[in-house]
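**Student:** Chain by chain, the residues:
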Amino acid sequence: MKYLLHDIRHNPMLWLLFFVPVVFLAEALKPGAYTLLFVLSVLAIVPLAALLSHATESVAAKTGDAVGGLLNATLGNLTELVIALTALRAGQYMLVKASIAGAIVTNTLFMLGASFLLGGLKHHTQEFNKVGARLQAGLLFLATVALLVPSAIAKADSGPAAAFANELSLGLAVLLIVAYGLGLVFSLKTHRELFASAEAGEAGESPWPVAVALATLAGVTVLVALVSEVFVESVQEAAKTFGMTPAFVGFIIVALVGGAAEMASAFSGARKNRLDLSVGIALGSASQIALFVAPVLVLLSYVIGPSPMSLDFWPGAVVMMLIGTLTAALVTTSGRSAWFVGVLTLMVYLTFAMSLYLLPPGLR
Amino acid sequence: MKYLLHDIRHNPMLWLLFFVPVVFLAEALKPGAYTLLFVLSVLAIVPLAALLSHATESVAAKTGDAVGGLLNATLGNLTELVIALTALRAGQYMLVKASIAGAIVTNTLFMLGASFLLGGLKHHTQEFNKVGARLQAGLLFLATVALLVPSAIAKADSGPAAAFANELSLGLAVLLIVAYGLGLVFSLKTHRELFASAEAGEAGESPWPVAVALATLAGVTVLVALVSEVFVESVQEAAKTFGMTPAFVGFIIVALVGGAAEMASAFSGARKNRLDLSVGIALGSASQIALFVAPVLVLLSYVIGPSPMSLDFWPGAVVMMLIGTLTAALVTTSGRSAWFVGVLTLMVYLTFAMSLYLLPPGLR
Amino acid sequence: MKYLLHDIRHNPMLWLLFFVPVVFLAEALKPGAYTLLFVLSVLAIVPLAALLSHATESVAAKTGDAVGGLLNATLGNLTELVIALTALRAGQYMLVKASIAGAIVTNTLFMLGASFLLGGLKHHTQEFNKVGARLQAGLLFLATVALLVPSAIAKADSGPAAAFANELSLGLAVLLIVAYGLGLVFSLKTHRELFASAEAGEAGESPWPVAVALATLAGVTVLVALVSEVFVESVQEAAKTFGMTPAFVGFIIVALVGGAAEMASAFSGARKNRLDLSVGIALGSASQIALFVAPVLVLLSYVIGPSPMSLDFWPGAVVMMLIGTLTAALVTTSGRSAWFVGVLTLMVYLTFAMSLYLLPPGLR
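Residue numbers (my numbering), protein chains in the order written: chain A, -3 to 360; chain B, -3 to 360; chain C, -3 to 360.
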């Protein structure tokens, strides 16, 4: 507990932990105040995500390179996974798919663009390891393409039979998870040296003892799950109040909320002129969503969902994911960055956000 | 006047100025001879564009780097802008959109490809600054993507409400112009050195005194506007005579005519083994169309057009713009060129031209 | 004959020649046993393709660089061409188009990916000449784009008139062949040095005398044509038995069978840490399909086909070809490779294969 208090004192984001009890209180007292519950649950998830991230890193730091890397890689997107699982159990597949697509786009456009902008405002031009960046951008591109195959082929041929989409998604989920496993062997074992810098630097804060970290990991995961429940229940009604489409909520809000902790690390890396770190977090996290979170959700939909979920995204999401990964590949290929590259990358993100916000509900 | 005469003596393209009075005469005498008027107006716009370009550069050379760069960047596509404004006032939105899309494709495929080919016929292989080229290709890609968001998302979701497209285009136009302004700060102020070579070399001819240049700028802009009026009025009927679709006219003819002066500079740079200059003109001009000309036309459509114009392009144009910018990114990424790269780039352009020419009118 | 016997002794793939007489025997005895005939004809084509490849190289080795290169470039995909011609004569245009698309995708994803994987399992990281690879990837991208223009523009505009597609395809075929001819001038004459390494190494086995090679070339081509006839006749019925769609057969089976010989060379190059060779074969062969085989088939459809064949591919094939060439461009841009890059490239190929296998017949 003293570790927690120490952290809270030094990290203003953790002050938001105050909202965790508030959200449960509010739900008990006013179960119908959806807008309030939505805002409170968003405010409560952000610090919990930061705690999860710190706890994961603390365990990872203690257990040595291989197991630690595995933990970091598997639990790095735990917040996104728990939120998506809650939505999955509630049968809100549109929200689940939007949050998968949104997490990829947010990582490749918002996180990368804001890192370039924040870093570029402080440093004239920044260099980063282009060999590593190209490799990661290439992996991300391939992962995204594999994820999009059912949508691309089915949509292109105007209207798939639902059975086909489910069968294909199931097969694909297995393939993606195999590729993810091989990717862990690659990045943690056979070619560890290519990814070294990114992992070493991620632990910005002092690590906790293992017992504290493990207890925090377990406890906070439960809290995230409970808050996510409030979030998923209230989001639909609240979105209506704010005039947001479900696509906008999943794509923008969930992705920003779930990724808040990683963003803090990526931005601080960029300010310290360690763009390798920022690029590694942004591209690595996006790859993990495509190769691990998405297929796990498909497989779990057979167990905990009301019906099987396919990987068949709506066409706008396909376009946005492809553009996001192509943009990431293009802006990282030169190994150099300046603030305006960040501005333009963010602008593409803003145009997506604007389109989703304005999209009439009929078009989804 | 003596400067003008001196230039005319040394630049055969200016001999076409002869057609400027001819086109007005012809319109007064034979207002219904659309095919004749169309041909004459095309012949008259080419030398006027060259004069505009020279006058802009002369003013720019005298006013110092920052203001001069601003002028060059803003007035570099003045001819395209004036033609498009005339079409906008006449409510010919198809022609306006086709000329925006065509200018981007012509700059990235025709101007770049012909520069590579012409340079490559004289020099075995040519090298150019790949860092600058990659940066510019990256900016162009992001600018094009932002421009295409309404089309991509709306079309992908099969049929947008017109209101949505207009709202989104308006918001996007504001975003694009903000990005354009920030881009000027970037290229003229904070990171001037990255763009230095391209600007320095653009003034191939000897500059005029400022007074002459300003007077020419004003006078020639008026002339371009007047000739454009004839052009826009006659183009529809003339196109029918030649068996051309409106898409072909806007995409190919307007873009080639409007960009003639820049092409002359780019090609002469390539022959002199200064491909940096050619690549800079081609990519810079295409970016400017996407970030400045297109949004200005959207905003002005609220003032001078019969109804608001959206940035909703027809699908073929979207595909062609994306392929154009992707091609530009790919062929400039290595920083080396040889004649066959130019041949293939031109071939892609030719296939687009051929498709547009053959496209049955029903498909637009 | 003794050369042939010597080769057979040293190359286990040639033991499959045993199936050549077997397939003719089987067809004479059991003309209705489609599944058997299909399997036998596949087994018979593989060694014939290897012989064709060796004979072409032997002639090429004797006739000097320019003519030899021309031969290699023209006859390198002779097997694919003969199979496609047989399908063309039978009016099976779906099979022809699927085999064109499949050959491009198989070369860029399967051949490249498997080379990276096989090479990477033996060597920690492999380097290859990135200048040459980028040039070839750029050429391939432009060739593929040109090939796809009719599909992209026509499909994007929802349903073309058939006449338009045929007219455009004819014009395009002429353009592509002109580009192919210019490409030969480029790679064999003006810029020979850029492609040198790939050609020099292709002759892995000892060359035959010219007379033997020419006789083999003629004889084996006839045999391939005869076996192809059996293959094309039996493939439809056999596919039904195996539950395969015609798209799957053309895209996957024909492409793998036709490219078996080239794959053997590419893989052996990768194992010997000569990735330049593997990348050259994979990208060069894919370019040749787009620039030479496809347009030749369109032109010949006017002579030997029941009706003109257009280059209008079904949308799924367009997506797959574009992704294949983009992937090839991305994974070769860094000039370095490791086994996991191969895994992910193969995974994209597997997802395509899986989709085509599962695709309900109604969606084609």
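Source of the hints: derived by calculation from the structure; they are not laboratory data. Please note that a few of the clues may not be correct.
Identical copies go unnamed one by one, so any copy, or any two together, can satisfy a pair.
Straight-line alpha carbon distances no greater than 35 angstroms define the calculated DSBU-like cross-link-like pairs of lysine-lysine that follow [stated by the list, open to error]: (1) LYS58 with LYS126; (2) LYS(-2) with LYS126; (3) LYS268 with LYS185; (4) LYS58 with LYS26; (5) LYS118 with LYS268; (6) LYS126 with LYS26; (7) LYS185 with LYS126; (8) LYS236 with LYS(-2); (9) LYS236 with LYS185; (10) LYS236 with LYS58; (11) LYS118 with LYS58; (12) LYS126 with LYS236; (13) LYS268 with LYS26; (14) LYS(-2) with LYS268; (15) LYS26 with LYS185; (16) LYS126 with LYS268; (17) LYS268 with LYS236; (18) LYS268 with LYS58; (19) LYS118 with LYS236; (20) LYS58 with LYS185; (21) LYS118 with LYS26.
**Student:** Compare the structure with each hint and give your call.
**Tutor:** Evaluation of the provided hints:
1. LYS58 with LYS126: within (30 angstroms within a copy, 41 angstroms between copies)
2. LYS(-2) with LYS126: Neither, since 41 angstroms and 54 angstroms both go past 35 angstroms.
3. LYS268 with LYS185: both (29 angstroms within a copy, 24 angstroms between copies)
4. LYS58 with LYS26: Close neither inside one copy (43 angstroms) nor across copies (70 angstroms); limit 35 angstroms.
5. LYS118 with LYS268: within (9 angstroms within a copy, 39 angstroms between copies)
6. LYS126 with LYS26: neither (53 angstroms within a copy, 61 angstroms between copies)
7. LYS185 with LYS126: both (21 angstroms within a copy, 27 angstroms between copies)
8. LYS236 with LYS(-2): Intra 42 angstroms, inter 69 angstroms, cutoff 35 angstroms: neither.
9. LYS236 with LYS185: Close neither inside one copy (48 angstroms) nor across copies (44 angstroms); limit 35 angstroms.
10. LYS236 with LYS58: neither (46 angstroms within a copy, 57 angstroms between copies)
11. LYS118 with LYS58: both (34 angstroms within a copy, 33 angstroms between copies)
12. LYS126 with LYS236: Neither way: LYS126 and LYS236 sit 44 angstroms apart in one copy and 49 angstroms across, limit 35 angstroms.
13. LYS268 with LYS26: For LYS268 and LYS26, neither the intra-copy (45 angstroms) nor the inter-copy (71 angstroms) Cα distance is at most 35 angstroms.
14. LYS(-2) with LYS268: For LYS(-2) and LYS268, the Cα distance is within 35 angstroms only inside one copy (28 angstroms; across copies 59 angstroms).
15. LYS26 with LYS185: Answer is neither; intra-copy 52 angstroms and inter-copy 55 angstroms both fail.
16. LYS126 with LYS268: Intra 18 angstroms, inter 27 angstroms, cutoff 35 angstroms: intra and inter.
17. LYS268 with LYS236: Answer is neither; intra-copy 41 angstroms and inter-copy 62 angstroms both fail.
18. LYS268 with LYS58: within (25 angstroms within a copy, 41 angstroms between copies)
19. LYS118 with LYS236: neither (40 angstroms within a copy, 58 angstroms between copies)
20. LYS58 with LYS185: Within one copy only: 18 angstroms inside, 48 angstroms across.
21. LYS118 with LYS26: neither (46 angstroms within a copy, 64 angstroms between copies)
Figure legend: structure checked against the earlier numbered hints; hints not met, in rising order: 2, 4, 6, 8, 9, 10, 12, 13, 15, 17, 19 and 21.
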